[in-house]
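Trainee: Chain residues, written in single-letter form:
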Amino acid sequence: MGLKLRYARPARAAVAAAVLALALAGCSPTSYRYQARGTLALPAGDAGAVLYWRGDEGRLWYGKAYARPDSGAVLRVCGEPSLVFVAGDGDTLRLDSGSGDTVVGEIRDAAGVATVDPPRRVRAGALCGVVRAGGVPVATGALTEGVQPELVFLCANARRPQRYPAPGAYLFAAVSKSVAREGGDPEPCPAR
Amino acid sequence: MPVDFSRQPRVLVVHGVQAGSDSDVESRTQIRKLIDRSLAKSHLQRDFEVAGFFYEDINDRAQRFYRTIGRALTRGEPLAGRALALVIDLFGDVVSAAADTGTAREIRAGLRSAIVEAYRQRRQLVLVAHSLGSFYALAVLGELMKTNNYFAGDDRATWPVQGLVTLGSPLGLDVRIGDLRVFDKLAIVPVRGADFEVFPWHNYFNRLDPVVSGRLFGNPISVSAGRGPVEKRYGDDTDAAHWLLRGHAVTSGKQWLFAHTAYWRNSKIGDRLVDMLWG
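These protein sequence lines map, in sequence, to chains B and S. For the first sequence, our numbering gives the first residue as 148, with consecutive numbering after it. For the second sequence, our numbering gives the first residue as 113, with consecutive numbering after it.
It is worth saying that the hints were derived from the structure and are not from the lab. A few of these clues could be false.
As the list claims (entries may be wrong) - Calculated lysine-lysine pairs in the BS3-like style (CA-CA distance at most 30 Å, straight line):
#1 S:K145 - S:K258
#2 S:K344 - S:K297
#3 B:K324 - S:K258
#4 S:K344 - B:K211
#5 S:K297 - S:K258
What the hints assert, rightly or not - Going by beta-carbon spacing under 10 Å, a handful of chain S positions derived as facing chain B:
#6 T141
#7 R144
#8 I170
#9 G340
Note that this is a predicted model, so its numbers are computed, not measured. For each residue, glycine too, the CB sits at the ideal point set by N, CA and C.
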């Protein structure tokens, strides 16, 4: 009887904590992966690339509906380090300049990128690219299944010529969506 | 001893609040996996090292007295004893950092020493810090930037740390425990005389992470333009100091404290580190 009393309260607390933890773990949104494939014109030749991000959809542990995407997206490029698009004003996706980058293009309108000559050295964090759909800069939330993103690049780097594709706009294939699994993030290189 | 960018770079990982000991910390292994996976997916081969800065044993030594008291109070009640030991471990880690105790100073000195050691080896170094570790990382960066020995303007070869990545950071919280201000706002020190280079700080957070939001039950925070609590609290200061603070709201299919530990499996962090090291 003494043992029962001694362990009853902490045991109940442990069970309650375990039930709460199970609820939090089990009643979670589903993680989805969004991706769009394309080809970039790098100085050394064309390279396959894939723009990807994730999003949660479902319900929280207390039942409320919840759907949010990542704020940014990663561009994996075959044979090159990734480029990371982050959320800027209005959550629209932008690519920051890095160390030693120069601006060699500027967006004139929905149609074209004009050459900047001579190239202009910029402080890191300047605009080097955007993601558009229908000619308009977009956030990840607007890149739903079937939408074709257009990636616009504006910079170059003399020390790392392969860092950026030739300035201009690159239309990628339509966004696809699938349930995300660990280790299942996309490969940018074409299947052999 | 300027940094030689052709040498093997190092990623130094600073863990957050932990139970257990230094040997239980797996953060270094997890970051290694993320970078390896990112490189493999892009068909890249690069040589690099991931090192961990471990300080859980330092914290445990400081909490020994309280653990002894805890054991005495809960003698004969093993469940309660274990729960109390865990609370002392986790709560004690946070209080040490907040109160700037001798333990916190010892931890900062150890981290500073690990960074300077890599610099003496002329190696490029990127700092990754999770949770409470981000408080120590930012504090030590400020200490290094205040000296005249490092961070000489646009010459990145004089930068012992090339960039900071924080995961699940509570730096955006302004809370008090009694008179103790937890996560006091740290000073952001400018890189002197830099015209083109900015110090990059990439902060990854989940809207459902209670350590980020301070919301006990993890209800989501609203985010605009990638700005979460850290960006709102530090954004003006980092802009003025010519740092580049970028917030990255990420998702994981997890919520509450499970979201707080899910960063270690987020492939985008591996991609970001690859960009910072070789981009």
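Trainee: Quick check on the hint: G340 of chain S CB to chain B CB, less than 10 Å?
Mentor: Interface hint status for G340 of chain S: holds (9 Å vs cutoff 10 Å).
Trainee: At a threshold of 10 Å, is the proposed contact between I170 of chain S and chain B supported by beta-carbon distances?
Mentor: 29 Å, violated
Trainee: Is the Cα-Cα distance between K344 of chain S and K211 of chain B 30 Å or less?
Mentor: Holds: K344 of chain S and K211 of chain B sit about 26 Å apart, inside 30 Å.
Trainee: Has the given pair, K344 of chain S with K297 of chain S, been kept, meaning a C-alpha gap of at most 30 Å?
Mentor: Measuring from Cα to Cα gives roughly 12 Å; hence the hint holds.
Trainee: Does R144 of chain S pass the interface hint, meaning its C-beta sits closer than 10 Å to a C-beta of chain B?
Mentor: Violated, about 14 Å.
Trainee: Would the pair K297 of chain S and K258 of chain S pass a check requiring their Cα atoms to be no farther apart than 30 Å?
Mentor: Roughly 17 Å between the alpha carbons, so the hint for K297 of chain S and K258 of chain S holds.
Trainee: Next item in the hint list is T141 of chain S. Is there a CB on chain B closer than 10 Å to its CB?
Mentor: Given a least distance of 15 Å, the restraint on T141 of chain S is violated.
Trainee: Given the proposed pairing of K145 of chain S with K258 of chain S, does the C-alpha separation stay at or below 30 Å?
Mentor: 34 Å, violated
Trainee: Taken at face value, is the distance from the CA of K258 of chain S to the CA of K324 of chain B at most 30 Å?
Mentor: Measuring from Cα to Cα gives roughly 48 Å; hence the hint is violated.
When held up to the earlier numbered hints, the structure conflicts with 1, 3, 6, 7 and 8 and fits the remainder.
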